[in-house]
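Novice: Given next are the chains, with one letter for each unit.
2 protein chains.
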Amino acid sequence: MPGTDLPFSRQEYADRLAKTRKAMEAKGIDLLWVTDPSNMSWLTGYDGWSFYVHQGVIVPGDGMPIWWGRNQDSNGAVRTVYMPDENVLSYPDHYVQSTERHPMDQLSGILTDRGWGGLRIGVELDNYYFSAAAFLSLQKNLPNATLVDATGLVNWQRGIKSETELSFMRKAATIVGRMHGMIADRMEPGLRKCDLVADIFKTGIAGTEDFGGDYPAIVPLLPTGTDAAAPHLTWDDKPMQSGAGTFFEIAGCYRRYHTPLSRTIFLGKPPQFLVDAEKALLDGLEAGLDAARAGNRACDVANALAGELAKAGIERSARCGYPIGISYPPDWGERTISFREIDQSELKPGMTFHFMPGLWMKDWGLEITESILIKDSGPAECLTDYPRPMLVKD
Amino acid sequence: MPGTDLPFSRQEYADRLAKTRKAMEAKGIDLLWVTDPSNMSWLTGYDGWSFYVHQGVIVPGDGMPIWWGRNQDSNGAVRTVYMPDENVLSYPDHYVQSTERHPMDQLSGILTDRGWGGLRIGVELDNYYFSAAAFLSLQKNLPNATLVDATGLVNWQRGIKSETELSFMRKAATIVGRMHGMIADRMEPGLRKCDLVADIFKTGIAGTEDFGGDYPAIVPLLPTGTDAAAPHLTWDDKPMQSGAGTFFEIAGCYRRYHTPLSRTIFLGKPPQFLVDAEKALLDGLEAGLDAARAGNRACDVANALAGELAKAGIERSARCGYPIGISYPPDWGERTISFREIDQSELKPGMTFHFMPGLWMKDWGLEITESILIKDSGPAECLTDYPRPMLVKD
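As they're listed, the protein sequences go chains A and B. Numbering follows UniProt numbering, in which position 49 of the first sequence is assigned residue number 49; successive positions increment by one, without gaps. Numbering follows UniProt numbering, in which position 387 of the second sequence is assigned residue number 387; successive positions increment by one, without gaps.
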């Protein structure tokens, strides 16, 4: 019972599979074991919150991919993937979080039974959901296999977006614009931070009258004042204070596709250093957008930004952007290219990035960011037209 | 600048550390490398959405723990942990998601510099955030160390809850009761599922007038009709239909502590098989709660449930419960004990579980669950008093 509500056409999945196989060939990989939920979904359509147990997609040298996971989740797999039911395999529940047996031992049995035990098998060595124990299980149970590092192999195929993928991201862009609009309206001294976050979630999930929202792979991040030095703090239930800035790092999400966008609001009168930093950052964004052209390199964007910030005496060492698209927690980035001075990756039409020059200084922070699309020619297109300047509510 | 808003007393953190060290000793572990964000937080107070990059807590044989992570996240660490700033170490940003260098290589340098390179080091081999590549990096860079499997070592110390932890879970219980109350009010034919989920998030995060809510480690799961066979599907933007049941698997969360609770709503007139299954499930819950006593074993709860379900001809193979407390995505369970017929773990006063006998059958599903506390004597206490029966809205 193949998924009847597939987000993409059969042809698009076939194209993705072909691209992946080409990359496998280039690395001499006969069979690929895919555990990254984003890659699993991109390759097969699978969608479910089941990545807290061992699961994955087998990509053999030919034929359709095979979904493998916990028995009760195979019910979700047959409802979401494009492959026929016989390509959905599972392990019994007593393997789950057991101290006596590991689910991956069962997977090795399947691979061996199908005559795949002696192949060169690509594994995503540096992935959240491929644990060291999973690796050691394969190593032990498949003594004739050669395990090859395939970290990011599928991620790299996801870089250039199709028209349908872009249409999903434009919907996510509409959603994130509404989220920031709501924040700008509601933000005021005395408002409990948790109450604002509650409305951020509500706005993002409800979406629009025409389409609903999905859960972003990262929760809203909105540190205030000196805490804005720490980009990944979440919220508390304290009231907003006058005399402090808060940045809002959030994303809209539609069918697992993300459009992140950060903006900053200051309650009261911002200090001059923040106003100066804002100006430098806005100039840096413009310079970066102009550098984000097909044929240029990731480092060109980073250097263009750094040049403008340097004029204001601001030095930042963190990368200032990463590719975006389909994703699952805990990260909405694709984990391939980084906008940083040492990254020579070429920018190509159809690539999408979160251009993210967050300023996290010793005791303050400022975030103004854009989700961008690399065009055939000219500077990058911003996926939203939400006003950039820091909103001052005095 | 140690965290000024620590959720627990210094004494409680000292007790946790002592318990952990006792478990390390029992396994002959000199130094523990903790990557599970729940364990990191339980041991140090650290709280932030930064687990998408490599990070962890070093527990040496004596002295305070050491937090280690990405440079920009050290700003969050010094704001949340109880240790002094010199116990917060970090790696530069060019290690992040780099194809050329791995952050864990830098960690090995630190361990070697401190004379810890030849110790027996415990690692959480089967953990979401300890990748195979992280393990291989330690293996390569610490040739004199002995890496010992410490999966679950800290998790097992978390089983019995302190009074403060229970007070957090009771707050989370209040929140999840409100969430179900809102659902019961709003659920009706024509309501878009995404709009209901939007309000579930809003209610859970806003919390009460006295305290705000935190993000649960799993998003709301609410499959309808035949899709309820698949426990981990998320939502879409289609309107609710009459003539179908929907279960709601959600949790309240307060300062990372979870109280999950599932209930089922049927719009229209439920078929007799569902009414029969509900009766068997309610009887099974009562029987399980009665078996969930100090001194009994995990399997006793599973068997008590299974006995009642068998009377109605219902066979289920999945485990029917797991410990709960502090957690981060992707799972709100503690991943130690399972309520299943082969688990002989003894139930002790102060342990908390999600008693979770979900029925996921071939083409229907039903969930009625309880978060429970094992008492000194007598049957388990339910953390909420939310009515159990399936709500029928005809």
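In case anyone wonders, no lab produced these hints; they're calculated from the structure. Computed from a predicted model, the values in this text were never measured in an experiment. Among the hints, a few may not be true.
Which chain A residues face chain B? A few, computed with CB under 10 Å, are given here [claimed, not checked]:
no.	residue
1	70
2	79
3	190
4	199
5	237
6	307
7	310
8	322
9	391
Note that the Cβ used here is the ideal one computed from N, Cα and C, for glycine as well.
Novice: It remains to establish, for every hint, whether it holds in the given structure.
Specialist: Against the structure, the hints:
{"no.": "1", "hint": "70", "in the structure": "9 Å, holds"}
{"no.": "2", "hint": "79", "in the structure": "6 Å, holds"}
{"no.": "3", "hint": "190", "in the structure": "14 Å, violated"}
{"no.": "4", "hint": "199", "in the structure": "7 Å, holds"}
{"no.": "5", "hint": "237", "in the structure": "3 Å, holds"}
{"no.": "6", "hint": "307", "in the structure": "19 Å, violated"}
{"no.": "7", "hint": "310", "in the structure": "17 Å, violated"}
{"no.": "8", "hint": "322", "in the structure": "7 Å, holds"}
{"no.": "9", "hint": "391", "in the structure": "22 Å, violated"}
Comparing the model with each earlier hint shows violations of hints 3, 6, 7 and 9; every other hint is respected.
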